[in-house]
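K.L.:
For the protein sequence lines, the chains are C and V, in the order given.
Position 186 (the first sequence) corresponds to 186 in this note's numbering; numbering is contiguous.
Here this note's numbering runs 200 ahead of the position in the second sequence, where the first position is 1.
These are computed hints drawn from the structure, not numbers from a lab.
We put the beta carbon where it would ideally sit given N, CA and C, even for glycine.
It is possible that part of the hints are untrue.
[As the list claims (entries may be wrong)] So, partial list: chain C residues that the calculated Cβ filter (under 7 Å) puts toward chain V:
no., residue
1, 146
2, 147
3, 154
4, 155
5, 156
6, 168
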Amino acid sequence: MGLDVQDLDCDFYAISCHKMYGPNGLGILYAKKKWLDVLPPYQGGGGMISEVKKDDISYADSPTKYEAGTMQTAEVVAFAKSIKFIEELGIKNIEKHEKQVLEYGLEQLRKNNSVNIIGNPKNRASIMSFTIKGIHPHDIATILDDDGVAIRAGHHCCQILHDKLGIPASARASIGVYNDKEDIDVLCESINKCKKVFQI
Amino acid sequence: MELKELYQEIILDHAKNPRNKGKCDGFNHDAKAHNPLCGDKVHIYLKLEKDKNISGISFEGEGCAISLASASILTDTLKGKDLNFSRKVTNDFLNMLKNKTKITLNSLSEDQITTISSLSGVQEFPMRIKCATMAWHTLLSALENKNK
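Please take these sequences and the hints and turn them into a complete structure.
P.N.:
Given below as structure tokens:
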């Protein structure tokens with residue numbers, strides 16, 4: 001999803017790099033300069049000071065005052081490559097590709113009577129959340145994994161929503177730039193295998 | 201096939217028809233646990249007699265087939281057994297998953313050993329070991345927790 005922080009006019013925006021084909025453990029915090037300048041540093045460490053006296057301290061200018069300690073240099077360099085990767089493909093092209101695969105995926109999953117697709121939003125990200133009657137999502141994930149299909153199972157940091165939906169957990173298949181319709185076929189076949197393993 | 205080792209007939213049977221589900225009559229020990237990462241929950245209830253015999257044992261819980269089967273098998277195996285023996289079985293079970301040892305306790309019937317050992321397939325699925333061990337760890341807490 002493309003976004004423009006200036007158009008959004010947000011004060012802060014947090015980004016996880018691993019959601020952009022980047023490394024784990026790294027993120028970006030965007031903040032308006034007016035906030036960066038007035039807020040105090042949240043952590044002390046190398047590189048974030050201007051001058052330290054016995055009774056006084058002054059900090060480096062923002063954003064440096066928030067960047068205490070040693071940087072994760074390798075991850076930062078790797079993330080620059082990830083951004084380049086996305087830019088070269090083009091976010092619009094990525095969206096178009098994912099949407100095609102997603103629509104095919106939803107169509108295939110809907111054909112399967114045992115699969116319950118969760119939610120039907122107008123603007124759907126390229127994810128499909130689902131449950132299979134009689135099989136817990138963790139068991140689904142293990143069986144799919146055996147076929148080389150990696151999905152996520154659990155409550156996806158949304159326990160309250162799962163309570164409201166009346167389900168203990170859900171399974172979620174995400175579509176990325178690497179996926180194509182054939183992957184969806186493998187997913188669907190593997191879902192049928194779940195039913196076979198559980199004799200449903 | 202490893203997957204077949206994991207989802208054996210015995211396990212599916214216990215998962216679909218869990219034994220001793222609910223609160224057992226007159227329970228005097230209990231403990232519960234939940235795994236926040238996956239959402240599995242288990243609550244074990246025990247009726248421990250003065251002679252340290254477990255006259256009643258049951259569980260409530262929700263989760264995957266492995267966790268339900270494990271809790272069901274636990275209650276089925278330990279009903280009527282005494283406290284020390286239950287600890288030994290638990291120890292053997294946890295060792296089986298951790299160190300791939302076999303369960304050999306004399307006082308278990310061959311059927312019971314087969315049933316408990318059906319969970320040994322979990323060894324090959326590190327992500328799922330906690331599903332299988334949660335009920336047994338909870339049992340150990342329940343043996344310590346006198347409730348009423």
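K.L.:
State the violated hints by number, sorted upward, taking the hints as numbered earlier in the document.
P.N.:
Hints 2, 5 contradicted; others consistent.
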